[in-house]
Amino acid sequence: MSERDSIKEVLGKATKGDKAALGRLLTIIETSPKKASMVVSEILHEEGGAHVIGITGIPGSGKSTLISRLISHYKDKGLKIAVIAIDPTSPLSQGALLGDRIRMQEHATSPNVFIRSVPTRGVKGGLSFSGVTMIEVFDKLGYDKIIVESIGVGQTDIDIMNVAHTIVVVTTPGLGDDIQALKAGIMEIGDIYVLNKSDKPEANKTYAYLDFALDLGELGGVDKRGWQPRLLKTSAIMGEGIRELADTIEEHLDYIRSSNKYTEKIQTRRMLMVKLLAEKIFLEKLEETAENSGEVRLEKDNNLYQASINLIKKVSRELERE
Amino acid sequence: MGGAADILELIKEIRGRRIKVLVAKLGLDGHDRGAKVVARALKDAGMEVIYTGIRQSPEQVVETAIQEDVDIIGVSILSGAHIPLMERLISLLREKGIDDIPVFLGGTIPLPDIPKLEEIGVDKVFLPGTPLYDIIKYTVEAVKKKRSRGN
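The listed protein sequences derive, respectively, from chains A and B. Just so we're aligned, residue 1 is where the first sequence starts under the numbering used here, counting upward by one. Just so we're aligned, residue 1 is where the second sequence starts under the numbering used here, counting upward by one.
These are computed hints drawn from the structure, not numbers from a lab. You may find that some hints are simply not true.
[As the list claims (entries may be wrong)] With a Cα cut of at most 30 Å, we get these calculated DSS-like pairs of lysine-lysine:
#1 B:K144 / B:K96
#2 A:K313 / A:K280
#3 B:K36 / A:K35
#4 A:K13 / B:K144
#5 B:K124 / A:K34
#6 B:K12 / A:K314
#7 A:K75 / B:K12
#8 A:K35 / A:K275
#9 B:K146 / A:K13
[Claimed, not checked] Footprint (simulated), chain A over chain B, 3 or more residues, beta carbon under 8 Å:
#10 52-60
#11 95-104
We put the CB at the ideal spot given by N, CA and C, even for glycine.
Generate the whole structure from the sequences, applying the supplied hints.
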């Protein structure tokens, strides 16, 4: 059987609801860019109309527990839910300990829920490529809600959040210097801000500060086309504020569906997929080529800039040969 | 046995091959120090480890293995219920057609139970006091064996 045929077979089974086939399909996407492209070319002609929800925020803010509550909420409505839970790879050992699932295990055996842990791995662009491609697959397979959980650090995370239709940023009370702790990068990208663990005593104070910052436009800004970022209080562990959060997420979905933004995001996602795959292929080859070219001597007539250009040329020659 | 150089060799083998391990606490048993130590050691050896958390049913473990598409499953049981739990787990793996995934077990297992567990289909049993190196080495070899059979 040819590679393409075996991919078609796995995809066919996954489409019929075979979870083991879907699990294998996601592994294919993670491990081989070439096979991943074959998968994409099989599914791109259709889209499923899924709502992609990005949930980000610092480690320990309760994202996984919150997602578990959202899953329960969506399950009750009869929806199909996929979760892509991103956890960091250790730069030292290349290993990863993926623990996001722990909080969601009550849903492990639900027929309408599929949870996949994704390590960030070393190669730049790699995570985003497989993450974005996984979104495409879940969309094609008819999942209604695709929830992407990430830690909100680094460009790969920002990339993957940008393809989400709705971005939820989670924070908690008592992060020290009030707003200061929240400013780093991700606090600007949210459509919805969630103050989780709001059962804690210092929650009201943090809420007041966040509310003030939101008013000043320091958290996200008003979307040019009219979405005013919201601030909500939840306590995932107590199950409080979940319905309000789900309602606000739906409100945002209505907004993006009515403003063309929904299709725009799909376009962004697909453009990004090409860019990220190019990045992945190039960087992997660059690493390999650089390693094999041995010592590069910098001399008068072989300056740093020229040496880099030569390396790039070598990489493209080798890529062309493949 | 278990020199630093051997471990480095193993780590080299793992890189590029990306071994995905599911570490599971099966049954009504909250003692997860051992499972966490093993999970950490496998991670430090370069593997991708998914930890389920405590008090999992065999159904949850099997579904997790399916969704995560893991290479191998490590189970920790200190409750004494290892025989019925492992029987159920392995028959579920068979039912789902994924019994090519090797399963190893760690915990307080009485020696006389080991042959029975092997008969059920447990690939390897680790008793208290096992050096982490042995577990890492076993994991790499078991996955290698599985992959050479599978592909």
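Hint check results:
1. Between K144 (chain B) and K96 (chain B), the direct Cα distance comes to roughly 22 Å. Compliance with the 30 Å bound is thereby established for this hinted pair.
2. For the proposed pair K313 (chain A) and K280 (chain A), the alpha carbon gap of about 17 Å is at most 30 Å, so the pair holds.
3. At roughly 34 Å between alpha-carbon atoms, K36 (chain B) and K35 (chain A) are farther apart than 30 Å, so this suggested pair is violated.
4. Restraint check for K13 (chain A) and K144 (chain B): the C-alpha separation of about 26 Å stays at or below 30 Å, so the hint holds.
5. Between K124 (chain B) and K34 (chain A), the direct Cα distance comes to roughly 36 Å. Violation of the 30 Å bound is thereby established for this hinted pair.
6. About 27 Å separates the Cα atoms of K12 (chain B) and K314 (chain A), which keeps this hinted pair within 30 Å; it holds.
7. Distance hint between K75 (chain A) and K12 (chain B) is unfulfilled; the C-alpha atoms sit about 43 Å from each other, more than 30 Å.
8. Between K35 (chain A) and K275 (chain A) the alpha-carbon distance is near 17 Å, which keeps this suggested pair within the 30 Å criterion.
9. Under the criterion of a C-alpha separation no larger than 30 Å, the hint pairing K146 (chain B) with K13 (chain A) is consistent with the structure, at around 23 Å.
10. A stretch counts as covered by a chain when three or more of its residues have a beta carbon under 8 Å from one of that chain; for the stretch 52-60 of chain B and chain A the count is 6, and the coverage holds.
11. Note: the stretch 95-104 of chain B has 3 residues with beta-carbon separation from chain A under 8 Å; the three-residue rule is met and the coverage holds.
Checked against the numbered hints above, the structure breaks hints 3, 5 and 7 and satisfies the rest.
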